[in-house]
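A.B. asks: Can you make the complete structure from the sequences, with help from the hints?
Protein sequence lines correspond, in order, to chains A and B. As numbered in the working numbering, residues 109 to 263 make up the first sequence, in order. As numbered in the working numbering, residues 109 to 263 make up the second sequence, in order.
I should point out that these hints are in silico values taken from the structure, not numbers from a laboratory.
The list treats identical chains as interchangeable, and a pair is accepted whether it falls inside one copy or across any two copies.
Cross-link-like lysine-lysine pairs, in silico, DSBU-like; alpha carbons within 35 Å at most: (1) Lys143 to Lys262; (2) Lys143 to Lys247; (3) Lys262 to Lys125; (4) Lys247 to Lys258; (5) Lys200 to Lys125.
Number of protein chains: 2
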Amino acid sequence: MNRSSSDKAFQKMRVAKLPATDRSLPIALTRAREKVMLPIRQMLAASGITEQQWRILRVLYEQGPLELTPLAEQACLLMPSLTRIVQSMAQKGLVTRATREDDRRRQTVDITTEGRTIIEENQEEAAAIAKRFELLLGKQQFETLLVTLKQLDKL
Amino acid sequence: MNRSSSDKAFQKMRVAKLPATDRSLPIALTRAREKVMLPIRQMLAASGITEQQWRILRVLYEQGPLELTPLAEQACLLMPSLTRIVQSMAQKGLVTRATREDDRRRQTVDITTEGRTIIEENQEEAAAIAKRFELLLGKQQFETLLVTLKQLDKL
DNA sequence: AGATATTATTTAATATGTTAAATAATACCC
DNA sequence: GGGTATTATTTAACATATTAAATAATATCT
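C.D. replies: Right, here's the structure in full:
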């Protein structure tokens, strides 16, 4: 069953199903995400945190103390990842954890002053980066993109 | 410097810069990517390969033998990841590697018959999944999304 | 109350992501 | 031609992703 790439007849027989990788939604999403993340990662490197840690800080900064499960949902992380990341962030003093007394299965996580400082140090540049993408696509297309992505998320 | 969340005045003073995490492009991209990947990952689990390995197989199936650098570009992987993944795929007999004799720095990777079999086994279902998202968004919005994502990639 | 089910989180194991440094082969330059 | 820069790939070290199983506390049911 040696199938040379010059065997056109065979190729034709059962192709035309998958979209070319160029037009693959997963790949397109992966590439776009990569490009958007790049400047953010560079910015955060100076503060010694990762993009995941940045998301956690942002969510807590914005919404206040949260339990792990909703925090995972908001920060777009799986629980096993969150467990470890929060552990290391607590070590570094960026967040605190507390077992809820009314249900000792639950942990409440909060941002510390040190964590807030990191947000505030990077806030303007992060906003500038976000703005740059908005300008680049145009307000209209940028809005459409956010709406479409949210639509995909709601499946 | 204890800053309670009820300190509205302070909040107002220096907020209004970062978009709410709801409207963050990186987060929206991450979530959408996750939702799109989910059914693909489930499908591939049955064949015992990951989504990255699937991308590598698809690129090679579509384009024939490639060197590592363009393969990384096409499959949307960083070189260190690709190195390891190709090693394990070669072990499993899904791809072969050959050092180019005219430049022994370069490796050429090719898909094997076994690798092709995996593509062919999953081809229809993968196409159906892709079609599902296209129908879900509508042809128009789906096209716009692909165009916008490609635009982001070209930075 | 005691057995069982459910829920929240953690561990474990393996795979990949990310950055920096190391290797190794080729190209370049005087 | 030998020293140096470049290029392609690999290693190393650490962080995260993914799935499955384990823990541990609470809820439920009889």
